[in-house]
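Protein sequence lines correspond, in order, to chains A and B. When you line the first sequence up against the working numbering, it's residues 1 to 553, in that order. When you line the second sequence up against the working numbering, it's residues 1 to 129, in that order.
Bear in mind the hints are in silico, worked out from the structure with no lab data behind them. Mixed in with the good hints there might be a few duds.
[To be verified] Which stretches of chain A does chain B cover? Using the computed rule of at least three CB atoms under 8 angstroms from a CB of chain B, they are:
#: 1; segment: 255-269
#: 2; segment: 342-354
#: 3; segment: 527-536
[Said to hold, decoys possible] With a Cα cut of at most 25 angstroms, we get these calculated SDA-like pairs of lysine to any residue:
#: 4; chain 1: B; residue 1: 108; chain 2: A; residue 2: 73
#: 5; chain 1: A; residue 1: 349; chain 2: B; residue 2: 45
#: 6; chain 1: A; residue 1: 483; chain 2: B; residue 2: 90
#: 7; chain 1: B; residue 1: 108; chain 2: B; residue 2: 124
#: 8; chain 1: A; residue 1: 123; chain 2: A; residue 2: 138
#: 9; chain 1: A; residue 1: 349; chain 2: B; residue 2: 63
[Claimed, not checked] Just a few of them, taken from the derived set where beta-carbon distance is under 8 angstroms, the chain B residues facing chain A:
#: 10; residue: 60
#: 11; residue: 84
#: 12; residue: 85
#: 13; residue: 89
#: 14; residue: 102
#: 15; residue: 112
#: 16; residue: 114
Note that the structure is a prediction, hence the values are computed from the model and not measured. C-beta atoms are modelled at their ideal positions from N, C-alpha and C, and glycine is treated no differently.
As a plain string of letters, each chain reads:
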Amino acid sequence: MYMQGLANFIDDFLGGLILISYALVVGSLLWSAFILRVWSPGFAAHESVVRRAVALLRAGAIALAVTQGLKLVIKAVVLASVLGEFPADAYIGTVQFQAGLIRLLLSLGLIFVAGQLQQTPDKPSSWNLAAILIVPLVIAGAWLVHGVGRFEDREQLMILTVLHQFAAAVWFGGVAQLLSLWYMSRQSQEAKTLWPVAITRFALLGVSSVVLLLLTGLPLAWTYVGSWDGLLGTGYGSLVFTKILLLMVALGFAYLNNRAGRLWLERRQTEGLDNKVPHYIEAETFILVGTLFIAATLSSQPPSVDIKELTATVSEVTEMFAPRMPRLTSPTHEQLLAGEPGRVAVVDKVPSPAATEWSDYNHNMSGIFLTVMALVAMLSYSKRFEWARYWPLGFVGLSIFLFFRSDAETWPLGPIGFWESTFGNGEVFQHRIATLLAFALGVLEMRARTNRNARQLRYLFPILCAFGGILLLTHAHAEFELKSEYLIQSTHTAMGLLAVIVASGRWLELRLAETDERYAVGGVLEGKIAGFIAILAMFLIGLILLVYREPLF
Amino acid sequence: MHQPIVSRRTKLVALLFSACMLLAYGERPWAHAVVTESSLTKNPIQPNHATTVVLFFNSNVELPLSRVFLVSKGDVYHPVQIEKGKKQGEVRIQVPALDPGDYALKYKVFAADGHFTENVIRFHVSEPR
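Isolated chain A, as found in the complex:
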C-alpha cells in the first residue's frame, strides 16, 4: 500500500518535471528564434552562445524523454499495484499511453537534432527540423490534460490548455535561457555583449507569453472553477488562487528586469543589469518552478464545478486560519489507540476525536517551535543579539519532539520496536525520515551560519525550502472526504506558498550579499529586506501551525 502511494506520488511529481522539461524545449526554440534570431541570414549571436542555447534545449529534450518514459512505466506500476494485475492491452490502448509515447518519441528525435545543431548551429535545415518536431510535441499535450476527459467543450478546453502550457513554456524556457546566458557571460565576452540585448529583446517575448497566459487562463479558470466559493473552497480553486499569487510575484521580478533593460536602452546603464537582475531572475525561477508544479497538481484535482456540494464555504476556510489558543495538552496513548480501528474502517467508520486532538497538539507545538525560531531569527538581524544566530537549533528541538510524537504506537512511547516499526510500516518510515530531515537541516544551517569554512552550505536551506514548499503544494489531500480533507489541504497549500517565498527571499539575500562584496552597490539592504521577508514568511508558517485544528472525519 505504501509503495502504491509512493508510485502515485512520483507519478504526479513527474508531471511537474515533465512541464519543466517541456518548457525548456519549447522556450529554448522560441529563444533561439526571437532572441538569438537563428533563422535570420547571418545571425548576429556568436556561435558559442547559440551552442549554449542548444545545449539547454538538448538537456530539456533528454529530461522530457526520461520523465515521459518514466511516467509511462510508473503509471503501469500504479495500475498493476492498484488492480492486482496488469492489463497491458487495455493500458496500451489508452489515449494517455499513446500521447505519452508520441511525446517520448518526439523528444528522442529532438535529442538527435539538437546534437546535430551543437555541431553546426548555423544549419537552417536542422533548425527547421527541430521546429517541425516541436509542433506535434506541443499538440500531443492536448491528450494529456484535464480537458480530454470532459463531456462539454472538450476540444475547446484541450486547445486552450495547450496554448496556456505553450505560453508558460515560453516564459519559463526564456528565463532559464537568460540564466544560462548570464552564467556564460562570467567567462565569455560574446555572452557578456549579448546579455543586455537579450534582456531587452526578451521583454517583448515575455510580455506576449504573459498576455497569452491570461487570455487562455481566464476562460479555463472560469470553466473549471466557476465561482468565488469554488476558488476558495476547493482544492482545485485554492491551487488556482495560489498559482495566481505566485505569478504576481514572478511578474514583480519580471518588471524589475524589464526596468533594468529599459535603463540600459535609454542610458546604457549596466549596473543593475549585471549585478542585481541575474539574482532577480534566479528568484523568479524558484517562483516559476513552484508554479509549474502547481499546474501539474491541478491536473489531478477534481475541478471545482464538479464538486459543488462538497465545496467548503469561505467562512469554513477562514476558520482554519482563525486565531485561537494552541492545544497544549494531548490525549493519552491509550485514548489514541482505542479510537484507531474505528477511524480506519471502511464500513462502520467511527471518527476519532482523540486522533484529531493528537494531531492538533503535534501541529500546534510545531507552530510554537517555528514562531519562536522566526522571532529569534528576526533578532539576529541586529548586531546586539549575536546569540540569535543560533536560531536553526530550533529545528533540532523540533525533530526531537517529532521523534516522540509522530507515531504513538511505536518506540520510544509505544509497544512496537524501533526497527520493526521503521521498516515494517510505510507511514512510520515517512515520519522517521521527516524527523531526520529536520534534525539534519538544523545542524547544517547552524554550521553554515557560524562556520565561515562551511559557507557553501548556506544555499542548502533555500534549496530545501523550495523543494519542501513544492512538496507541500503537490501533496494535495483530496480523497474520501473531499471537503474535510480540503480544509486540511488549505493550510498545507498556504504553507507551501510561504515556503517558496522563504526560499526565494533567502536565496536573494545570500546572492545580493555576495554581489555587494564584488560590486559594492548597496545590494545588502535589498538582500536584507528579502531575507526579512523570508523570515516573516517562516513566522507565518509557524502561526498557521499554531492555530491548526483538524476537522473531525
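Fit chain B to the known structure of chain A by using the hints.
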C-alpha cells in the same frame, strides 16, 4: 574562473535531502474522477434483491482499467461486475442480493486523463418493511 554558486558537495547533500523529502511526503491520495450522481441516493438497495447501482462520473472512465468492490462488515472485500452505461460517464455496478446492514462500494477508477481515483460510497440496507 568563477566558482560555481553551489558546490558539488552542497549539491549532493541537497539531492540526498530532496530524495528523503520525496520519500517522507510520498503517500498521496488521488482524486480526479469524482461521482457526481449515484442511484443509491434516490433508490436505496432493497434487502435480498440483486441490484444495479448506477454511478455518474465527471469524466470519462477507462473501464478495463477500473475495479469496484463491495465491502461488507469487518471490511471484507468482494469484487463486483461493472459495465459502461449508455450516458457519458455512466458506470453500472451489479450488486448481489444483500442482507440488511451497513456496506460500502469501494471503487478504483482510471479516468480518461490518466489519473487514478480510489473512493468509497457507504450505504445502508434497511430491514424489509
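Item to check | Hints the structure fails to honour | outcome: Of the numbered hints, 1, 3, 9, 11 and 12 do not hold.
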